[in-house]
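Novice: One letter stands for each residue in the lines below.
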Amino acid sequence: MLVQPLGGMLSDRSTSRFGRRRPFIFGGTLANVVFLAIIGATPLFIGSPLDEVFQSSLGISTAYAVLLVGIVLLQISSNISQGALQGLIPDLVPENQRGRSSGIKAVMELLPVFLVIFIGPLIDRGQVGVVMGIVAVGYLVTMAVTVLFARETPIRQKPADGVGDRFLRLLALTGIFVGATRLAVWLVSISGSRLTQMGVSREVQILLIGLAGLAAMAGSILIGVYFGASVGIGKEARQQTSFIWWVINRLLFLAAVGSIQGFAQFYLRDVLQLPNPATSTTLLLAAVAIFLIPSAIYGGTLADRFGPKRLVLYAGLIAAFGTLILLFAPNFPVVILSGCIIGLGTGTFFASNWALGTELAPPQEAGRYLGISNLAGAGAGIVGAGIGGPIADFFNKIEPGLGYLVIFTIYGALFLFSVLTLAKIRLPGQRTARSS
Amino acid sequence: MDKKKLNWFDHIALNACWLGINIASGVITPLLLPYLVLLFMPEEQKTPTLPMYESSA
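Protein sequence lines correspond, in order, to chains R and H. Just so we're aligned, residue 1 is where the first sequence starts under our numbering, counting upward by one. Just so we're aligned, residue 1001 is where the second sequence starts under our numbering, counting upward by one.
One chain only, chain R, in its complex shape (with noise of 0.2 Å):
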């Protein structure tokens, strides 16, 4: 949330011949090829003569210890050079190709779903040191091919404003949002706990703490994204309020859509009660994956031609429908059925909304503003499982299974109020229909 923006508003401001992202991507890979190296070396600490320094004073293994300062590192090296590369398509893709260079980008992240179903085995077998190798490698070929065919112009003189405002901008922003986050989960379990010390009925219960729920996920989305998103831009933030509900938009679909597929194998077994919900799940998350990558690639050409924001409505009405059947499914069948279509939805959301994005940010300072919109891929969890989850668990000890049938319909809910926000985004500029 922080370190991401940061990356990428330094990058925004680089004088460097090789180009104002590049050196941040090259740089950053190299970093996390070291630091995953320090991750991988863990289990050689075990039983160091250090274990009862550390130990008696942080109460951890001194593995433990070097295995939390070096994944700290990895964040943050990965995320500034994430937050260069979020620049790459705004810089370099001219606007009616963003489409398709968007949904490339979601099948460069959705693919490795599959890539990592061959790495579970060897870690059941405690081949740390080749998985580490494997990553490694991912890292630095895929730097390469990006660093050696990316063709950057660099920029020849620097912005005339300073860091030192922004980044504790950016430092508020942070704040601001897990603040708001956090109020709304307190809101949730205390409310919760005040109705049942009323006694009041179980469906009164349902509809007061599910409304509740609802209102503390879109409420914290809201204000959590509009003030930490205007403090974190700064006083252009009046001028760039398009970009401020793109944001709001990304995090509600991706608060949805990530809690879902995280709840998925519990209500598998809780409500539909399969004998094997792990192989269920990872049959249903297949299903999706068939749907979600062609849907990506067709998406985002599809936005290029249409336009971005028609394709980013329509996803989250897909989703929204594929949800409601989810909600109804008497067996498994029509649960693959279901997430087939919120993969549908969602593939069309990953390329469309990121093209969107790209055309909202301003050009000079693409990395720090498609860094801020890290608060929806950070702010995912924190929204959709942190409030879902305790409203789940509140549910399911009255019932087994009812919460999560309560939490996927605040889920449904948050779909259709992404639809709602992009009636306030405007595209720079008058939009007519494009051809590819």
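Certain hints may be false.
Computed beta-carbon distance windows for the label pairs [what the hints assert, rightly or not]:
(1) H:Val1037 <-> R:Val130: 18 to 24 Å
(2) R:Asp393 <-> H:Pro1030: 48 to 54 Å
(3) R:Pro362 <-> H:Phe1009: 26 to 32 Å
Part of the chain H face toward chain R, derived, beta carbon under 8 Å [what the hints assert, rightly or not]:
(4) Lys1005
(5) Leu1006
(6) Leu1014
(7) Ala1016
(8) Trp1018
(9) Asn1022
(10) Ile1023
(11) Val1027
(12) Leu1038
(13) Phe1040
Partner residues are not named here, just some residues of chain R that face chain H (Cβ under 10 Å, in silico) [claimed, not checked]:
(14) Ile46
(15) Ser78
(16) Val93
(17) Gly138
(18) Val147
(19) Val200
No wet-lab data here; the hints were simulated from the structure. All C-beta atoms, glycine included, are put in the ideal place defined by N, C-alpha and C.
Using the hints provided, position chain H relative to the given structure of chain R.
Specialist: Below, chain H without anything else, positioned relative to chain R:
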């Protein structure tokens, strides 16, 4: 910005780095971290419920 039409290879090359980043995040967070955390946990803190967490993570 150069307004020329990019071909499929250009789009793939421009976005290739996302593949590496997402392979890493897809492996490290859900698979590797739970394995290592479990490995570094003292024997007396390991409970029968932990393997359940590991298999669902």
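Novice: Give a verdict on every hint.
Specialist: Do the hints match the structure? See the list:
1. Distance hint check for H:Val1037 and R:Val130: the Cβ-Cβ separation is about 19 Å, which falls inside the suggested range of 18 to 24 Å.
2. Under the hint 48 to 54 Å, the C-beta atoms of R:Asp393 and H:Pro1030, about 22 Å apart, miss the expected range.
3. Here the CB-CB span from R:Pro362 to H:Phe1009 is close to 29 Å, well matched to the stated 26 to 32 Å.
4. For H:Lys1005, the interface hint holds, since its Cβ comes within 8 Å of a Cβ in chain R; the closest pair sits about 7 Å apart.
5. For H:Leu1006, the interface hint holds, since its Cβ comes within 8 Å of a Cβ in chain R; the closest pair sits about 6 Å apart.
6. Of the supplied interface hints, the one on H:Leu1014 holds, with its beta-carbon coming within about 5 Å of a beta-carbon of chain R, less than 8 Å.
7. Contact between H:Ala1016 and chain R, as hinted, is supported at the beta carbon level, the nearest pair being about 4 Å apart and thus within 8 Å.
8. For H:Trp1018, the suggested interface contact is upheld, since its CB lies about 4 Å from the closest CB of chain R, less than 8 Å.
9. The restraint placing H:Asn1022 at the interface with chain R holds, with a minimum CB-CB distance near 5 Å, inside the 8 Å limit.
10. A least Cβ separation of about 4 Å between H:Ile1023 and chain R falls short of the 8 Å threshold, and the interface hint therefore holds.
11. A least Cβ separation of about 5 Å between H:Val1027 and chain R falls short of the 8 Å threshold, and the interface hint therefore holds.
12. Interface hint at H:Leu1038: violated, since its Cβ lies 11 Å from the closest Cβ of chain R, which is beyond the 8 Å cut-off.
13. For the restraint placing H:Phe1040 at the interface with chain R, the shortest Cβ-Cβ distance is roughly 4 Å, inside the 8 Å limit, so the hint holds.
14. Among the interface hints, the one on R:Ile46 holds; its C-beta lies about 7 Å from the nearest C-beta in chain H, closer than the 10 Å criterion.
15. Below 10 Å, beta-carbon pairs count as interface contacts, and R:Ser78 has one with chain H at about 6 Å; its hint therefore holds.
16. Proximity of R:Val93 to chain H holds as hinted, the smallest CB-CB distance being about 6 Å (cut-off 10 Å).
17. The interface hint given for R:Gly138 holds, since its Cβ lies 4 Å from the closest Cβ of chain H, which is under the 10 Å cut-off.
18. A distance limit of 10 Å between C-beta atoms decides the matter here; for R:Val147 the minimum to chain H is near 8 Å, and the interface restraint holds.
19. Using the Cβ-Cβ criterion of 10 Å, the hint placing R:Val200 at the interface with chain H is not satisfied: the shortest such distance is roughly 34 Å.
Of the numbered hints listed earlier, those contradicted by the structure are 2, 12 and 19.
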